[in-house]
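J.: Sequence:
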Amino acid sequence: MTTTNPAECVILLHGLARTHRSMNKMAKHLERKGYIVFNVGYPSTKYPIETLAQKTISQAIDNCPSNTKINFVTHSMGGILLRQYLQHSTIEKLARIVMLGPPNKGSELVDKFHQFSLFIHINGPAGKQLGTSHSGFINRLKPIQIDVGIIAGSRSLNPLLSSLFPEDNDGKVSIHSTKLVEMSDHITLPVSHSFMMNNSIVIEQTLYFLENGRFYTENE
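The sequence shown maps to residues 0 to 219 in numbering that gives the first Met the number 0.
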(Lines of atoms letter the chains of each structure in order from A and count residues from 1; the text may use other names and numbers.)
(Lines give C-alpha, C1' and ligand atoms only; values in the text may rest on other atoms or scores of the structure.)
Protein backbone atom coordinates (compact mmCIF):
# COMPACT_ATOMS: atom_id res chain seq x y z
CA MET A 1 0.00 0.00 0.00
CA THR A 2 1.45 3.36 -1.02
CA THR A 3 0.12 6.88 -0.68
CA THR A 4 1.18 10.24 -1.97
CA ASN A 5 0.36 13.65 -0.59
CA PRO A 6 1.29 17.29 -0.95
CA ALA A 7 3.15 18.88 1.92
CA GLU A 8 0.55 19.08 4.66
CA CYS A 9 0.91 19.70 8.36
CA VAL A 10 0.06 17.02 10.93
CA ILE A 11 -0.22 17.91 14.61
CA LEU A 12 0.11 15.02 17.07
CA LEU A 13 -1.55 15.19 20.49
CA HIS A 14 -0.68 12.54 23.08
CA GLY A 15 -2.96 11.25 25.82
CA LEU A 16 -3.37 11.78 29.54
CA ALA A 17 -0.29 11.28 31.73
CA ARG A 18 1.87 10.67 28.65
CA THR A 19 4.46 12.77 26.80
CA HIS A 20 5.16 13.56 23.17
CA ARG A 21 7.61 10.65 23.14
CA SER A 22 4.69 8.24 23.09
CA MET A 23 3.91 9.52 19.59
CA ASN A 24 7.49 9.42 18.24
CA LYS A 25 7.00 6.32 16.09
CA MET A 26 3.86 7.75 14.52
CA ALA A 27 5.70 11.01 13.87
CA LYS A 28 8.55 9.26 12.04
CA HIS A 29 6.18 7.40 9.72
CA LEU A 30 4.28 10.58 8.91
CA GLU A 31 7.52 12.41 8.13
CA ARG A 32 8.58 9.63 5.78
CA LYS A 33 5.37 10.22 3.85
CA GLY A 34 6.28 13.86 3.41
CA TYR A 35 4.11 15.47 6.05
CA ILE A 36 5.27 18.42 8.12
CA VAL A 37 4.89 16.99 11.63
CA PHE A 38 4.62 18.71 15.00
CA ASN A 39 4.64 16.24 17.87
CA VAL A 40 3.29 18.39 20.67
CA GLY A 41 3.89 17.91 24.37
CA TYR A 42 1.65 19.45 27.01
CA PRO A 43 1.25 19.19 30.83
CA SER A 44 -1.78 16.89 30.69
CA THR A 45 -2.08 16.34 34.44
CA LYS A 46 -1.73 19.95 35.61
CA TYR A 47 -4.72 21.80 34.17
CA PRO A 48 -8.36 21.28 33.10
CA ILE A 49 -9.07 20.32 29.50
CA GLU A 50 -10.28 23.82 28.59
CA THR A 51 -6.95 25.37 29.59
CA LEU A 52 -4.87 22.65 27.96
CA ALA A 53 -6.81 22.81 24.70
CA GLN A 54 -6.57 26.54 24.15
CA LYS A 55 -2.89 26.95 24.88
CA THR A 56 -1.61 23.71 23.37
CA ILE A 57 -3.51 23.74 20.09
CA SER A 58 -3.14 27.46 19.42
CA GLN A 59 0.62 27.21 19.73
CA ALA A 60 0.73 24.07 17.57
CA ILE A 61 -1.27 25.69 14.78
CA ASP A 62 1.10 28.66 14.78
CA ASN A 63 3.92 26.26 13.88
CA CYS A 64 2.24 25.13 10.66
CA PRO A 65 3.02 27.12 7.49
CA SER A 66 0.13 29.45 6.67
CA ASN A 67 -0.48 28.00 3.21
CA THR A 68 -0.74 24.33 4.20
CA LYS A 69 -3.63 22.09 5.17
CA ILE A 70 -3.67 21.04 8.83
CA ASN A 71 -4.44 17.52 10.04
CA PHE A 72 -4.48 16.04 13.55
CA VAL A 73 -3.64 12.61 14.91
CA THR A 74 -4.65 12.28 18.54
CA HIS A 75 -4.37 9.59 21.18
CA SER A 76 -6.94 9.21 23.97
CA MET A 77 -7.50 12.55 25.74
CA GLY A 78 -5.70 14.37 22.94
CA GLY A 79 -8.86 13.93 20.88
CA ILE A 80 -10.94 15.53 23.63
CA LEU A 81 -8.61 18.53 23.69
CA LEU A 82 -9.15 18.99 19.97
CA ARG A 83 -12.93 18.65 20.26
CA GLN A 84 -12.92 21.22 23.05
CA TYR A 85 -10.82 23.64 20.99
CA LEU A 86 -13.16 23.34 18.01
CA GLN A 87 -16.16 24.25 20.18
CA HIS A 88 -15.07 27.88 20.11
CA SER A 89 -12.36 28.23 17.45
CA THR A 90 -12.05 27.66 13.72
CA ILE A 91 -8.89 26.23 12.18
CA GLU A 92 -8.27 27.50 8.67
CA LYS A 93 -7.46 24.75 6.17
CA LEU A 94 -8.38 22.03 8.67
CA ALA A 95 -8.38 18.82 6.63
CA ARG A 96 -8.72 15.53 8.54
CA ILE A 97 -8.53 14.09 12.04
CA VAL A 98 -7.61 10.59 13.20
CA MET A 99 -8.44 9.76 16.80
CA LEU A 100 -6.86 6.73 18.49
CA GLY A 101 -8.80 5.32 21.44
CA PRO A 102 -10.61 8.57 22.27
CA PRO A 103 -12.97 8.56 25.27
CA ASN A 104 -15.59 10.45 23.26
CA LYS A 105 -18.36 9.40 25.63
CA GLY A 106 -16.06 9.18 28.66
CA SER A 107 -14.48 6.23 30.45
CA GLU A 108 -16.12 3.97 33.00
CA LEU A 109 -12.78 3.78 34.82
CA VAL A 110 -13.04 7.47 35.65
CA ASP A 111 -16.52 6.89 37.03
CA LYS A 112 -15.11 4.21 39.34
CA PHE A 113 -11.93 5.93 40.52
CA HIS A 114 -12.24 9.72 40.16
CA GLN A 115 -12.83 10.28 43.88
CA PHE A 116 -9.69 8.43 44.97
CA SER A 117 -6.74 10.63 45.92
CA LEU A 118 -4.27 8.45 44.01
CA PHE A 119 -6.32 8.84 40.82
CA ILE A 120 -6.38 12.61 41.25
CA HIS A 121 -2.65 12.69 41.98
CA ILE A 122 -1.79 10.72 38.83
CA ASN A 123 -4.31 12.18 36.41
CA GLY A 124 -4.97 15.71 37.66
CA PRO A 125 -8.02 17.89 36.97
CA ALA A 126 -8.33 16.86 33.31
CA GLY A 127 -8.58 13.21 34.30
CA LYS A 128 -11.61 13.93 36.48
CA GLN A 129 -13.38 15.43 33.46
CA LEU A 130 -13.35 12.16 31.51
CA GLY A 131 -16.34 10.49 33.15
CA THR A 132 -19.39 9.16 31.29
CA SER A 133 -22.08 11.27 32.95
CA HIS A 134 -24.59 12.68 30.46
CA SER A 135 -24.30 16.03 32.21
CA GLY A 136 -20.51 15.83 32.46
CA PHE A 137 -17.86 17.73 30.54
CA ILE A 138 -17.38 15.35 27.62
CA ASN A 139 -21.02 14.72 26.86
CA ARG A 140 -21.71 18.46 26.68
CA LEU A 141 -19.36 18.84 23.72
CA LYS A 142 -21.10 19.55 20.42
CA PRO A 143 -20.36 17.73 17.12
CA ILE A 144 -17.45 18.95 15.02
CA GLN A 145 -17.88 19.40 11.27
CA ILE A 146 -14.78 17.79 9.75
CA ASP A 147 -13.62 14.40 8.44
CA VAL A 148 -12.95 12.29 11.54
CA GLY A 149 -11.65 8.73 11.49
CA ILE A 150 -11.62 6.77 14.76
CA ILE A 151 -9.60 3.68 15.64
CA ALA A 152 -10.75 1.72 18.70
CA GLY A 153 -8.85 -1.05 20.45
CA SER A 154 -10.27 -4.37 21.64
CA ARG A 155 -7.31 -5.81 23.55
CA SER A 156 -6.59 -5.15 27.21
CA LEU A 157 -3.34 -5.52 29.12
CA ASN A 158 -5.22 -5.54 32.43
CA PRO A 159 -8.09 -8.04 32.68
CA LEU A 160 -9.01 -6.71 36.13
CA LEU A 161 -9.63 -3.21 34.82
CA SER A 162 -11.41 -4.56 31.75
CA SER A 163 -13.84 -6.43 34.01
CA LEU A 164 -15.17 -3.06 35.15
CA PHE A 165 -16.51 -2.36 31.66
CA PRO A 166 -19.94 -3.63 30.58
CA GLU A 167 -18.71 -4.22 27.02
CA ASP A 168 -15.63 -4.74 24.83
CA ASN A 169 -12.80 -2.31 25.53
CA ASP A 170 -9.08 -1.60 25.20
CA GLY A 171 -8.43 -1.58 28.93
CA LYS A 172 -9.17 2.12 29.36
CA VAL A 173 -11.99 3.00 26.96
CA SER A 174 -14.92 0.95 25.64
CA ILE A 175 -15.33 0.57 21.89
CA HIS A 176 -18.76 2.20 22.10
CA SER A 177 -17.32 5.21 23.90
CA THR A 178 -14.85 5.96 21.11
CA LYS A 179 -17.60 6.69 18.59
CA LEU A 180 -18.97 10.04 17.44
CA VAL A 181 -22.21 10.67 15.59
CA GLU A 182 -20.31 12.83 13.08
CA MET A 183 -17.43 10.43 12.43
CA SER A 184 -16.58 9.62 8.81
CA ASP A 185 -15.25 6.12 9.55
CA HIS A 186 -14.57 3.80 12.47
CA ILE A 187 -12.60 0.59 12.84
CA THR A 188 -11.74 -1.71 15.73
CA LEU A 189 -8.32 -3.38 15.90
CA PRO A 190 -6.88 -5.93 18.39
CA VAL A 191 -4.64 -3.39 20.14
CA SER A 192 -4.40 -2.04 23.68
CA HIS A 193 -5.12 1.53 24.68
CA SER A 194 -1.70 2.48 25.98
CA PHE A 195 0.35 1.34 23.00
CA MET A 196 -1.96 1.43 19.99
CA MET A 197 -0.15 4.40 18.46
CA ASN A 198 2.94 2.18 17.99
CA ASN A 199 1.11 -0.64 16.22
CA SER A 200 2.06 -0.99 12.54
CA ILE A 201 -1.51 -1.56 11.35
CA VAL A 202 -2.76 1.44 13.33
CA ILE A 203 -0.06 3.57 11.72
CA GLU A 204 -0.91 2.28 8.22
CA GLN A 205 -4.60 2.95 8.76
CA THR A 206 -3.84 6.43 10.07
CA LEU A 207 -1.79 7.28 7.00
CA TYR A 208 -4.49 5.89 4.73
CA PHE A 209 -7.23 7.93 6.35
CA LEU A 210 -5.24 11.14 6.10
CA GLU A 211 -4.83 10.50 2.40
CA ASN A 212 -8.27 9.11 1.53
CA GLY A 213 -10.76 10.16 4.22
CA ARG A 214 -11.54 6.55 5.10
CA PHE A 215 -9.81 3.43 6.41
CA TYR A 216 -8.77 0.65 4.05
CA THR A 217 -10.36 -2.78 4.02
CA GLU A 218 -8.80 -6.22 3.70
CA ASN A 219 -9.79 -6.36 0.03
CA GLU A 220 -7.60 -3.41 -0.91
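Treat the hints with care, as some may be off.
As the list claims (entries may be wrong) - With a Cα cut of at most 30 Å, we get these calculated BS3-like pairs of lysine-lysine:
no., residue 1, residue 2
1, 178, 127
2, 68, 127
3, 68, 178
4, 24, 92
5, 32, 111
6, 92, 27
7, 54, 178
8, 127, 111
9, 127, 54
10, 45, 24
11, 68, 111
12, 141, 127
13, 54, 68
14, 111, 92
15, 27, 111
16, 104, 68
17, 27, 68
18, 127, 32
The hints are simulated quantities; they were obtained by calculation from the structure and are not laboratory data.
J.: Does each hint fit the structure? Answer for all of them.
T.: Now for the hints, and whether the structure bears them out:
Only pairs whose Cα atoms come within 30 Å are accepted, and residue 178 paired with residue 127 is accepted, the gap being roughly 20 Å. Between residue 68 and residue 127 the CA atoms are separated by roughly 33 Å; this puts the pair beyond 30 Å, and the hint is violated. For the given pair, residue 68 sits about 25 Å from residue 178 by alpha-carbon distance, which is consistent with the 30 Å threshold. Distance check on the hinted pair: residue 24 and residue 92 sit about 25 Å apart at the alpha-carbon level, within 30 Å; holds.
Between residue 32 and residue 111 the alpha-carbon distance is near 41 Å, which puts this suggested pair outside the 30 Å criterion. For the given pair, residue 92 sits about 23 Å from residue 27 by alpha-carbon distance, which is consistent with the 30 Å threshold. Taking the CA atoms of residue 54 and residue 178, the gap is near 26 Å; set against the 30 Å cutoff, the hint holds. For the proposed pair residue 127 and residue 111, the alpha carbon gap of about 11 Å is at most 30 Å, so the pair holds.
Distance restraint check for residue 127 and residue 54: the Cα-Cα separation of roughly 19 Å lies within the 30 Å cut-off, and the hinted pair is therefore satisfied. Our distance criterion of 30 Å between C-alpha atoms is met by residue 45 and residue 24, whose separation comes to about 25 Å. Using a Cα cut-off of 30 Å, the hinted pair residue 68 and residue 111 is violated, with the two alpha carbons roughly 40 Å apart. Restraint check for residue 141 and residue 127: satisfied, since their Cα atoms lie roughly 19 Å apart, inside the 30 Å limit.
With a CA separation close to 20 Å, the supplied pair residue 54 and residue 68 stays within the 30 Å bound. Between residue 111 and residue 92, the direct Cα distance comes to roughly 40 Å. Violation of the 30 Å bound is thereby established for this hinted pair. Distance check on the hinted pair: residue 27 and residue 111 sit about 36 Å apart at the alpha-carbon level, beyond 30 Å; violated. Taken as a hint, the residue 104 and residue 68 pair is honoured in the structure, with Cα atoms around 28 Å apart against an allowance of 30 Å.
At most 30 Å may separate the alpha-carbon atoms for a hinted pair to count; residue 27 and residue 68 meet this at roughly 19 Å. Our distance criterion of 30 Å between C-alpha atoms is broken by residue 127 and residue 32, whose separation comes to about 37 Å.
Violated hints, in rising order: 2, 5, 11, 14, 15, 18; the structure is consistent with all others.
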